[in-house]
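Chains S and G supply the protein sequences, listed in that same order. For the first sequence, counting from 1, position 34 maps to 34 in the UniProt record's numbering; every step adds exactly one. For the second sequence, counting from 1, position 377 maps to 377 in the UniProt record's numbering; every step adds exactly one.
Read the hints as simulated data drawn from the structure, not as lab findings. Hints should not be assumed to be uniformly reliable.
[Stated by the list, open to error] Think about it this way: if two alpha-carbon atoms lie no more than 25 Å apart in a straight line, the pair counts; the simulated SDA-like pairs of lysine to any residue are: (1) G:K270 / G:Y251; (2) S:K237 / G:N126; (3) S:K255 / S:E144; (4) G:K434 / S:L462; (5) S:K101 / G:E15; (6) S:K501 / S:E445; (7) S:K501 / S:S467; (8) S:K92 / G:L147; (9) S:K122 / G:Q465; (10) S:K118 / G:R487; (11) S:K101 / G:A12; (12) S:K517 / S:T495; (13) G:K434 / S:Q281; (14) S:K118 / G:A12; (15) G:K186 / G:S388; (16) S:K280 / G:S385; (17) S:K280 / G:L433; (18) S:K237 / G:S388; (19) S:K280 / G:I396; (20) S:K224 / G:I396; (21) S:K237 / G:R487; (22) S:K98 / G:D35; (23) S:K516 / S:S467.
[Claimed, not checked] Interface residues of chain S toward chain G, partial, derived using beta-carbon atoms under 7 Å: (24) F116; (25) D220; (26) K224; (27) P291; (28) E308.
The C-beta atom is built at its ideal place from N, Cα and C for all residues, glycine as well.
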Amino acid sequence: MSASDILDVLNVQRGEGAPAKKKQKTNNGKTQRQSGMARELYNLLGPNTPPVSLSAGGGSSAVKDKLNLKPSPWSRIGFTPQKSEKGKSNLKLYHWVKGSKELLEQEAIEEKPYFFDKFDLKPDIPELVDEETYDRLMEEIRREKSKNSIPTETTNDDTKPASNDNNDNKTTELVNGIDKEKESRADSKEKEHKEDGDKSPAETEWSYEETKQLFVLCNDFELKWHAIFDRFTYPGKTLEDLKEHFYLLCGKILKNKPNVNPQLLDSLNSYSKSKEIERKQYLENLLTRTPAEIAEEESLVVEARRFELAAKKMLVERSNLLTLFDSPQTSQSVQQYRSSQGLTNLYNSLMIMDKHQKRKQLSFQKGSSGRDPIPPSIPVAASSSFKKDRGFQTHLQQYLSGLLKQNQANNNGIKQEKSAVQQLLAKKLTVKEEEAYGLYYHANEKLTPGVILRSGQRLPGLSQRQSTLKSVSSLLQELDIPTVGGTNWKPIMPTRKTMTKFDELLRASATLLEVKKAKDKLESEIKLIKSQRGLQ
Amino acid sequence: MSSGGNTSSVYAGDEINAIVLDPGSYNTRIGYAGDDFPKVVVPSYYGIDKNDIAKSNAPGGKTRRVFGEDINLPRSNFETNPILKDSEIQDWDAAVDQYSHYFNKVLKLDYKEQPILITEPVWTSNQYRQQLIDTFFEKFDFPALYLAKSPTCISFQQGRPNCLVVDIGHDSVSVTPVIDGISLLKNSMKTNYAGRFLSDHIQDLLAHKFPEAKIEPRYRIKSKNPTVFPTAADYTTKPLNENITTSFDDYQKEKIWHEFKESMLEVPEKKLNNLNASQSNSIKEFYSSDANKRLFELPTGQSVELSLDRYALADTLFDPESYPFHNADLNEKYPPSNGEISLANTFDDYKPLKRARKAESNQSTPPLSQDDHNGNHTEIRGLSSLISSTLSSVDIDLRSSVAHNIIITGGVSLIPQLTERLYTELTNSNPGLKIRLHAVGNSSERFNQAWIGGSILASLGTFHQMWVSKEEYQEVGPDRILSQRFR
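One chain only, chain S, in its complex shape (with noise of 0.2 Å):
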């Protein structure tokens, strides 16, 4: 039995999914008996995805295809790999390749470039220059140096990094090279004036010789340049030395050319050797610090990152704060809470989100003393729960006073038709009038909501022991005083002031029986202990 008729048997409607169950099914069909599942526990599965490949046995129908096909053939054939390179290296390799073998000689003819031939990607480095000009350019670098070895400074370091976004895409990765480097030493400009003082008398000088090398080795590593000093042969030459008179020659032999990007050329020009310096040295000293050091340095970061987090804590919580104190905002419609059905939904929900609050900041109070900065707790006057305040009225309040307004707004002229409650609520009351109107304000009791009948209400005094209870009871009657009876503890007429009148009378009968008690016991034992003594 599959899930299906399950379904079926209970007359379950089955949506769109169905025919594509069914596909899946005929589909499963043939799996099923590959997988080696059981069909019985398969059918189970019904409309489930299976929690397990079962097309993963594949089996008999693949071997079947293969046995099929036609071996496709395979021919080794000779191909030339650096086609590319001046076309005259005839290195002749040999691969296999799919494909007949006239086919592929076909495509040989045609000269088909070799497959990994567009890997094989050349940096645009400029040609250098011939000699004489070099030594112009030269002299034009060292004129420029000396000139203005510090206003040049300022306006390189204005130059921002240049965005790639024009179509010369040769020359990015060149530019792309610098950005990094540029990036990389973004700070600290004051010092190196300083420095930079200092470091140009005791410039390189560079030979044609060398240059000519470093140019060479530029391309051969397409600007790798730790390889590239790696196999610079001349001495007395930093890794630093080699980029910046390859930047500065560059940007040179550029700038005599037509069509030149103008990012690259001030990419290249903005290339400060001291500040890859101090750069270096600011990480071979980061490098060199002690594990103590670095410990310290950790915890440090842990501690800033824990006052961050009281930092943040303490404006979220002044946030709430704020709130608290700003007047709630109607947010949507109060149509809800014209019925009275609406109405007490309202009341209820507001009673419990009250109590939350009052909760929240009680045990927040007992919680957070003594920790973190708190921000200083509400006074429970300000609460919501104690409203006298236009300031502090609940949703239902304030609908009740709009409603007010509203009717005084409509009906201005016909004044009669206000009502008592109406002008009851309008008014502010006086204690008598409070007492009069029975008016009373549960400041810090612990109320159920909804409306409650006070004859049902359970006196605090009568949470005593039962035997206690009965022996009060039986007091009353004897002093006769009248009570509902039976289990019901209660005066007859259940007003305010009997209850409190009767909860206090229950106390106080409750405690005169303890006393009593009491006296009994010591008496009793006075008589003992006479009576051991022989004095009766």
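Starting from the structure of chain S, add chain G where the hints point.
Chain G only, in chain S's frame:
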């Protein structure tokens, strides 16, 4: 498989079955590129009849050399000579003879069909390289060849373009930074505190500690009964040809040391000869304990028991200075070395600068030669200090990536606990760097790592543009080819 047809594939290989030749000081490896293991691994030694040497000097004389397993047969008047020293070919005739023996008789090559890739160490001079190329083009008919630096090959084997290759071989320990697959020659270091050094130490120790124990090469033994050292060895020898040469005997004894290295040595956790005497004593005590004792059976059947010494022997790699040989001759064999390689200029046509006046104005000595002056007579660098000093010489931008990719390779690196010791010492001496060591788990791959790397390199489609054909070599000339093509 070729990717000439299917452009969509990312498979970078294009196998042309090039030959890869990796001559090492102990073993030479030959095989086809694209394979995962060399077809031929043979000792870099050959056997030759003494009389033949005299004959060969006469014009038209023909020598018969034996290679491979054949050299182990004791024959009278047969010398066993090494072909290479420090991974450089010393005996050119023998080398050509050996290679052609394997090319023609074992692999049965048709030279025309494929090029050859030869690995070379980083310290080869240009004259040597030129001779190598000349010899190969002259003696063999390969259409093209390529010289690959062995650290480059090793970096390819591991697939790490930026790494520090520490190759602890038979003749030499070398440390080479590889950047973007290019070996940096100026930063490379090499000492001789390697496998042969260990062998000599073992020999020296056994001769000193167990003078009565007889060291007989295995081929002389006919039968034996196991004994333990103070008891005399109990064995009978084979009747053998007369006039067995000392070189043959030494070569056979080398096998004992080899076995000793494989079975006995273990690197101690810390330096045994510490400055702090009490500390080093406690370490020594620990390694002398019974738990660390081990027996080694000599070919005569006599076993010798060693505990501290087997750790001390391995410790010589890290601290060669503290372990002088008992035999003074051996001390001279290993002059103190700080590992720096004096490089012959790649550009031989170095002439005095044209602007002599200006050149004089900045006669600042290069940093490398300065080091030479300071280091030559003072510092002896053991393994970890060799690596540390290489690391500190590498450009600061590369140092962290290189330190994070240190590849340990070579047969001697298989001594237990060697990488662990290296790791602790390197992390202690370079607190700012994050050190990570990579060593292949498979021991036979560690022996042949350079060959495998060469095999990978020579089967890459993009590599085939790098081959240097005979015509190109003749046309362009050795200088340019050496400096520009074989990087």
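Verification of the supplied hints:
1. G:K270 / G:Y251: 33 Å, violated
2. S:K237 / G:N126: With a Cα-Cα distance of about 22 Å, the restraint between K237 of chain S and N126 of chain G holds, given a limit of 25 Å.
3. S:K255 / S:E144: 15 Å, holds
4. G:K434 / S:L462: Distance of about 73 Å is beyond 25 Å: violated.
5. S:K101 / G:E15: Holds: K101 of chain S and E15 of chain G sit about 18 Å apart, inside 25 Å.
6. S:K501 / S:E445: 18 Å, holds
7. S:K501 / S:S467: Given pair K501 of chain S, S467 of chain S holds - Cα atoms ~22 Å apart, limit 25 Å.
8. S:K92 / G:L147: 19 Å, holds
9. S:K122 / G:Q465: 13 Å, holds
10. S:K118 / G:R487: Measuring from Cα to Cα gives roughly 21 Å; hence the hint holds.
11. S:K101 / G:A12: Roughly 23 Å separates the two Cα atoms, so the pair holds.
12. S:K517 / S:T495: Judged against 25 Å, a Cα distance of about 33 Å means the pair is violated.
13. G:K434 / S:Q281: With Cα atoms ~19 Å apart, K434 of chain G and Q281 of chain S stay inside 25 Å; holds.
14. S:K118 / G:A12: 12 Å, holds
15. G:K186 / G:S388: 15 Å, holds
16. S:K280 / G:S385: 23 Å, holds
17. S:K280 / G:L433: 15 Å, holds
18. S:K237 / G:S388: With a Cα-Cα distance of about 24 Å, the restraint between K237 of chain S and S388 of chain G holds, given a limit of 25 Å.
19. S:K280 / G:I396: Between K280 of chain S and I396 of chain G the Cα gap is close to 6 Å, so the pair holds against 25 Å.
20. S:K224 / G:I396: 15 Å, holds
21. S:K237 / G:R487: Cα-Cα ~21 Å, so holds.
22. S:K98 / G:D35: 20 Å, holds
23. S:K516 / S:S467: 14 Å, holds
24. F116: 4 Å, holds
25. D220: 5 Å, holds
26. K224: Holds. Min distance 5 Å.
27. P291: This interface hint holds because 4 Å falls under the 7 Å limit.
28. E308: With Cβ-Cβ at 26 Å, over 7 Å, it is violated.
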